[in-house]
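S.K.: Heads up: the sequence lines are chains Z and L, in that order. The numbering of the first sequence is this note's numbering, which starts it at 1 and goes up by one. The numbering of the second sequence is this note's numbering, which starts it at 1 and goes up by one.
Everything labelled a hint here was simulated from the structure, so no lab data went into it. Treat the hints with care, as some may be off.
[Unchecked claim] In silico SDA-like links for lysine to any residue, alpha-carbon gap of 20 angstroms or less: (1) Z:Lys175 to L:Gln37; (2) Z:Lys262 to L:Leu48; (3) L:Lys59 to Z:Lys391; (4) L:Lys381 to Z:Ala266; (5) Z:Lys175 to L:Val49; (6) Z:Lys62 to L:Val49; (7) Z:Lys262 to L:Lys321; (8) L:Lys321 to L:Asp335; (9) Z:Lys62 to L:Gln17; (10) Z:Lys175 to L:His24; (11) Z:Lys391 to Z:Asp417.
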Amino acid sequence: MNYSMVRYILFRIIRVMGCLLMLPFLVALVYKEYDSAESFFLLIVVTLIIGIVGSHLKPKSKVIYAKEGFTITALAWILMSLLGAVPFVMTGTIPNYIDALFETISGFTTTGGSILTSMDGIEKSVQFWRTFTHWIGGMGVLVFLLAVVPMADGYSMHLMRAESPGPVVGKIVPKVKDTAKILYLIYLGITLAEIICLFISGLPIYDAVTISFSTVGTGGFAVNNAGIGGYSTISQAIIIVFMALCGVNFTVYYFLLNRKPKEAFAIDEVKYYFGVMLIAAAVISLNIYRAGVLDSAGLSFHHALFAVTSVMTTTGFGTLDFDKWPMLSKMILCILSLVGACAGSTGGGFKFSRAIIIIRNARNELNYLVHPKAVKRVYMDGHTVEGTTVKSVSAYLGLYVVTFIASTLVVALDNFDFQTTVTSVAATLNNIGPGLGMVGPMGNYSEFSYLSKIVLMFDMLAGRLELLPIYIMIKPKTWSK
Amino acid sequence: MQIIVVGCGNVGQTITQQLSKEGHDITVIEEKSSVVQNVVNSYDVMGLVGNGASYSMMKDAGIETADLMIAVTNSDELNLLCCLIAKKAGNCHTIARVRNPIYKKEINFIKEELGLSMVINPEEAAANEAERLLKFPSATKVETFFRGKAELVKLVIDEDSKLCDKALRDIPPELKKQVVITAVSRGSEVYIPDGNFILRAGDEITIIGESRNTMHFFRKLGLPTAKVHSTIIVGGGETSYYLAGHLLSLGIKVTIFERDAARCKELSELLPQALIINGDGTDKDMLMEEGVTSVESFVALTNLDEENIMLSMYVKSINPKAKLITKVHRVNYGDIIGSLGIGSIIYPKNITADRIVQFVRGRSASQDGNIEALYRLNDEKVEALEFIVSKDSPVIGIPLAQMKLKKGILIAAINHYGELISPTGESVIRERDSVIVVTTNTGLKDISDILEN
Numbered sequence: 001m002n003y004s005m006v007r008y009i010l011f012r013i014i015r016v017m018g019c020l021l022m023l024p025f026l027v028a029l030v031y032k033e034y035d036s037a038e039s040f041f042l043l044i045v046v047t048l049i050i051g052i053v054g055s056h057l058k059p060k061s062k063v064i065y066a067k068e069g070f071t072i073t074a075l076a077w078i079l080m081s082l083l084g085a086v087p088f089v090m091t092g093t094i095p096n097y098i099d100a101l102f103e104t105i106s107g108f109t110t111t112g113g114s115i116l117t118s119m120d121g122i123e124k125s126v127q128f129w130r131t132f133t134h135w136i137g138g139m140g141v142l143v144f145l146l147a148v149v150p151m152a153d154g155y156s157m158h159l160m161r162a163e164s165p166g167p168v169v170g171k172i173v174p175k176v177k178d179t180a181k182i183l184y185l186i187y188l189g190i191t192l193a194e195i196i197c198l199f200i201s202g203l204p205i206y207d208a209v210t211i212s213f214s215t216v217g218t219g220g221f222a223v224n225n226a227g228i229g230g231y232s233t234i235s236q237a238i239i240i241v242f243m244a245l246c247g248v249n250f251t252v253y254y255f256l257l258n259r260k261p262k263e264a265f266a267i268d269e270v271k272y273y274f275g276v277m278l279i280a281a282a283v284i285s286l287n288i289y290r291a292g293v294l295d296s297a298g299l300s301f302h303h304a305l306f307a308v309t310s311v312m313t314t315t316g317f318g319t320l321d322f323d324k325w326p327m328l329s330k331m332i333l334c335i336l337s338l339v340g341a342c343a344g345s346t347g348g349g350f351k352f353s354r355a356i357i358i359i360r361n362a363r364n365e366l367n368y369l370v371h372p373k374a375v376k377r378v379y380m381d382g383h384t385v386e387g388t389t390v391k392s393v394s395a396y397l398g399l400y401v402v403t404f405i406a407s408t409l410v411v412a413l414d415n416f417d418f419q420t421t422v423t424s425v426a427a428t429l430n431n432i433g434p435g436l437g438m439v440g441p442m443g444n445y446s447e448f449s450y451l452s453k454i455v456l457m458f459d460m461l462a463g464r465l466e467l468l469p470i471y472i473m474i475k476p477k478t479w480s481k
Numbered sequence: 001m002q003i004i005v006v007g008c009g010n011v012g013q014t015i016t017q018q019l020s021k022e023g024h025d026i027t028v029i030e031e032k033s034s035v036v037q038n039v040v041n042s043y044d045v046m047g048l049v050g051n052g053a054s055y056s057m058m059k060d061a062g063i064e065t066a067d068l069m070i071a072v073t074n075s076d077e078l079n080l081l082c083c084l085i086a087k088k089a090g091n092c093h094t095i096a097r098v099r100n101p102i103y104k105k106e107i108n109f110i111k112e113e114l115g116l117s118m119v120i121n122p123e124e125a126a127a128n129e130a131e132r133l134l135k136f137p138s139a140t141k142v143e144t145f146f147r148g149k150a151e152l153v154k155l156v157i158d159e160d161s162k163l164c165d166k167a168l169r170d171i172p173p174e175l176k177k178q179v180v181i182t183a184v185s186r187g188s189e190v191y192i193p194d195g196n197f198i199l200r201a202g203d204e205i206t207i208i209g210e211s212r213n214t215m216h217f218f219r220k221l222g223l224p225t226a227k228v229h230s231t232i233i234v235g236g237g238e239t240s241y242y243l244a245g246h247l248l249s250l251g252i253k254v255t256i257f258e259r260d261a262a263r264c265k266e267l268s269e270l271l272p273q274a275l276i277i278n279g280d281g282t283d284k285d286m287l288m289e290e291g292v293t294s295v296e297s298f299v300a301l302t303n304l305d306e307e308n309i310m311l312s313m314y315v316k317s318i319n320p321k322a323k324l325i326t327k328v329h330r331v332n333y334g335d336i337i338g339s340l341g342i343g344s345i346i347y348p349k350n351i352t353a354d355r356i357v358q359f360v361r362g363r364s365a366s367q368d369g370n371i372e373a374l375y376r377l378n379d380e381k382v383e384a385l386e387f388i389v390s391k392d393s394p395v396i397g398i399p400l401a402q403m404k405l406k407k408g409i410l411i412a413a414i415n416h417y418g419e420l421i422s423p424t425g426e427s428v429i430r431e432r433d434s435v436i437v438v439t440t441n442t443g444l445k446d447i448s449d450i451l452e453n
């Protein structure tokens, strides 16, 4: 274990946090919320001093391996959350630190499940920080760090791989630094595009910015009690488009920008992603239209598509309370939420590419029973998938199920109904936010006990970092000499 | 620069490591996915699994925008095919490794017709280096500058040397005579010495000067300067073949040990004047029988590093006067092997990597191909470069004493239209001169890089 490098990167994270906190500070100044501004200012000064002093001493050796990559990533996210929760407590928005931490982790992991019961009276700068955590967490803070500062030389891939979602994390250009830069530029571009679109569609600039942060990070924090339901149908349609775009593997945009449409459309999971999205929306709209939830077929499709995209991209925005929809619709949404978005996107969940690999591998295994001597590989995107990748995806599934079951058992101690217990774990582990029952689109997580909240926080972090970093960090062997 | 490296064996990895350290955008294509995984984890490069000679693979690697393609797979033919395709698909510079001696004879034709920028042959390069060392056995390393007019020579100072415990400024001029001591390595440290630097026993010094002056320097120090008269080579690979050919033409007696009988037959056909022994070179008795105790030089060129090192250590113990040359593939253990005191070590991979780094650096600067030679010394801590000074270079016309140089830079020699100048404070660099720079400040791309901003 290269402790000096772990220390160095963690202090750099603190430094970056100090810089990121300047944005809500400026917002506080703009909206004349001077008390909050003071809190933010204090925190900025303290973090910057700690960060700069701590990272002043360069590490002895910059050599890190997969183990350090995972551990650093897990610790960085925990550290970020611990720091990010402080403004909520300092400004008095969420006086309890555990609750504030839940809210922050929910923000950074782009889950979007809240413990706040009402948005009334929450200052704009604090709201801004809440949604900004989505934006930071969407693409990842280590990727950001890799884009702006040269860090681990040739070994920085271990950091990028630990933070980026998907079964195989590759680069799009030879250098990690350039790859990270390209990803962040695309991310920034999509964010700006959405802000402009939403502003034109009639949203106030503050809402346009904050909702855009929530959308592109596929987070799901809204800034008023009505959620997205309070905005016009056009604004909602814009949000649907941007949610869908951010659930796509970002490599696609790189290919498109470089005028390589063939490569962009050769990615299997993107095809399935859009296919499933449209079919599910069609079935649900029919289901809710026939059940009489809405009078108009057009509106039924609009709201069904909104719910499907919101759940598939694991954003978790709501226009209508889908908890009141017919069972078939609820079940479809539930299942889609488990699969989640594409690898290499800002969305969470199990990921389409993993599902594709698992299903195709299962099909091959069935085939072996019929033709025991047959040789068949798993194909994806026109290439064979490495045997090691198939194995690691199966292992991931195992770990995922174990985490899910264990968390559900602990949350069950709170003695809520079946729907609430199961979907609260599903919604946090997949970084969606809303589930069904008490944690439905119009509900929140405030009623859970501290133990459950801690378990759900663990689930959110584990889900965002795709399990391995967190498990490797808590494995005692990682730390033994 | 955007560079594609096809084939990631020993040489491929060394090149990848070196070029990625210099900040280039590198994509590696290799057929074994485990190797690719390894490379991607250790260096900041992109890896692709597949056959590098395939057009679609090249396209995936970005051949259309690449500046250079280096083909170093195990097969000469595949390397040439890669170059051909890269040239047609991307019109970039191409470098191929070609090792087969049969192609060697036709290499100029191949180079011309396929439009190759460079052909590398690590075996031949290693043989050339060994040859230079056998011609100059007191030196541990010999490299040439100015197309052979000047030499870089390394030697170890022992306790009885006239140089031991002397400051550089106190070395009598008739001894030094236009030779510059450019670098001193002591333990794991390397110094670019100034006049006050005191030499100690055990230091390995690097000197640069005109060939006859370096000879003179050695003679004054009482070190032999004559070439060896006999040599034993263990291992009958391509390197041995090239080396034996050179040595025989110089009239040096050559004995080659080779295990494989078929290869022995081949060698005896190719090198009729050499004595080819079909036997295990690690067999003590056999070595004794062929006169290892009295031979003037011994070259270990088997394919196993461990065997080569053991052999050299053994010969050192029974024949301490013999000049020893040991071929080592793995570069990772350079410092340990250096401390064994078994004379000259040859790293074929490094020789090749040096030439490619030289090519790439020369092309990355504003002026094309302004680096004539580049040698990395002392575990890559020191570089010796030969630059050509272009017309409007900022270094022209300033006396060296007034030049604001970066730290760790020494101007070792200036070649002005064939006249070699040993630089003093008043010396001036002129247009079209060639200049040798020795530096610990590695990564220079142009002569103007020696100046402080």
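S.K.: All hints, please: hold or fail.
M.R.: To see whether the hints hold, each was checked on the structure:
1. Straight-line distance between C-alpha atoms of Z:Lys175 and L:Gln37 comes to about 15 angstroms, which keeps the hinted pair within the 20 angstroms bound.
2. Taking the CA atoms of Z:Lys262 and L:Leu48, the gap is near 19 angstroms; set against the 20 angstroms cutoff, the hint holds.
3. Distance hint between L:Lys59 and Z:Lys391 is unfulfilled; the C-alpha atoms sit about 30 angstroms from each other, more than 20 angstroms.
4. Taking the CA atoms of L:Lys381 and Z:Ala266, the gap is about 47 angstroms. The hint is violated against a cut of 20 angstroms.
5. For the hint linking Z:Lys175 to L:Val49, the alpha-carbon distance of about 17 angstroms falls within 20 angstroms, and the restraint holds.
6. Among the hinted pairs, Z:Lys62 with L:Val49 is inconsistent with the structure: their alpha-carbon atoms are about 27 angstroms apart, more than 20 angstroms.
7. Proximity of Z:Lys262 to L:Lys321 is assessed by CA-CA distance (about 68 angstroms); at most 20 angstroms being required, the pair is judged violated.
8. For the proposed pair L:Lys321 and L:Asp335, the alpha carbon gap of about 23 angstroms is over 20 angstroms, so the pair is violated.
9. Proposed proximity of Z:Lys62 and L:Gln17 is supported: the alpha carbons are some 16 angstroms apart, at most 20 angstroms.
10. At roughly 9 angstroms between alpha-carbon atoms, Z:Lys175 and L:His24 fall within 20 angstroms of each other, so this suggested pair holds.
11. Taken as a hint, the Z:Lys391 and Z:Asp417 pair is broken in the structure, with Cα atoms around 36 angstroms apart against an allowance of 20 angstroms.
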